[in-house]
Structures are given as structure tokens and as C-alpha cells.
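So the protein lines, in turn, are chains A and B.
Residue numbering for the first sequence follows this note's numbering, beginning at 9 and increasing consecutively.
Residue numbering for the second sequence follows this note's numbering, beginning at 9 and increasing consecutively.
A portion of the hints provided could be inaccurate.
Here are the simulated PhoX-like cross-link-like pairs (lysine-lysine), alpha carbons at most 25 Å apart as the crow flies [said to hold, decoys possible]:
no.: 1; chain 1: A; residue 1: Lys41; chain 2: A; residue 2: Lys62
no.: 2; chain 1: A; residue 1: Lys62; chain 2: A; residue 2: Lys43
no.: 3; chain 1: A; residue 1: Lys17; chain 2: B; residue 2: Lys43
no.: 4; chain 1: A; residue 1: Lys41; chain 2: B; residue 2: Lys17
no.: 5; chain 1: B; residue 1: Lys65; chain 2: A; residue 2: Lys17
The set of hints was computed from the structure by calculation and includes no laboratory data.
Since we're looking at a predicted model, the values are computed, not measured.
The lines below spell out each chain.
Protein chains: 2
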Amino acid sequence: MDIEDWRQKIDEVDEQVVLLLNQRASAALEIGKLKKQAGRPIYEPGREGVVFEKIRKANRGPLQGDQLEQIYHRIIDVMRTLQRNDS
Amino acid sequence: MDIEDWRQKIDEVDEQVVLLLNQRASAALEIGKLKKQAGRPIYEPGREGVVFEKIRKANRGPLQGDQLEQIYHRIIDVMRTLQRNDS
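Chain A on its own, in the form it takes in the complex (with noise of 0.2 Å):
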């Protein structure tokens, strides 16, 4: 496969990674409603660690644990964000 064949493949990736970033937003929102109606601070740190550690543990490589702890810092930011701008 030369370059050009690879570009593909991550660009059939991205594509999935899309849609997945996107269910996974939709679930943050619902979250976010659910935790407003109950009266429940939108950061907990404590389910951070929890993602955290779900990750790690899904990781079969090539990126590293601690790669895929930043790639993933900047998706729950993200989040946070999207929960707290929802009216």
C-alpha cells in the first residue's frame, strides 16, 4: 500500500470516528439534562478517572496509554463545553 492508500484508510476511519464523537455527544447532553434536573455539578472528576481508566484498558496499541489520555482530555473538554452551553 503506498500513501496515498493509507490516507484512505484513515480517511474511512475518521469518518466512523465522527459518527462515534458525535453519540458520544449526544449521550453527554442527555447526561448533562439529567444532571441539571437533579441538581448535580456537570464536572465530576471522579467518572474522569473512571473514562480514564476504561480507555487504558481497552488500549491494544500502537498509541500509548499516555497518548490516549490526551487525545481524550481534549474529547471530555470538548464535552463539558457542549453540556454547559446546552440551554
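Keeping the supplied structure of chain A fixed, place chain B upon it in accordance with the hints.
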């Protein structure tokens, strides 16, 4: 569905995302090797723009295009580090 149900949905999504990000990383490593052989630079800003365009086009929300791009900036940064550290 309650908060725990939605969290379970998120955990299932995350397992798939971890798998896909690693598939993306494997492809990036292959591209890195081919670029080194060809004397091409790891960082090609034109390709980065193409990726951002494609993810915005694939986006059906609720994430906004800018939010998706924030996540992808991090993903691409991490992939580039992976390529550079590959010996």
C-alpha cells in the same frame, strides 16, 4: 434512561473509538515510514486541511464543526509525535 445507562452507552462508544484511533495510528505509522523512505516531511499542512474539511463534511452534529476540529487538532498532534518517535 438514567445517568448510569447513558454512561454505559458512552463506555461502549469509547471502546470503539479507542480501537479506531489505534487503527488510525497504525496507518499513520505506515505513512511515516513511506515518507522517510521518500524523504518527504512528516508535517504536510495541506493534508491537515483536507482532513479538517472531510470531518466537517461528515459531521451531522450535535458537535459543532469547530468542536470537532479542536478534537482533531489533538488527534493529529498525537499522531505526528507517534510518527516522529518511530525508529
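Of the hints stated earlier, which fail here? none
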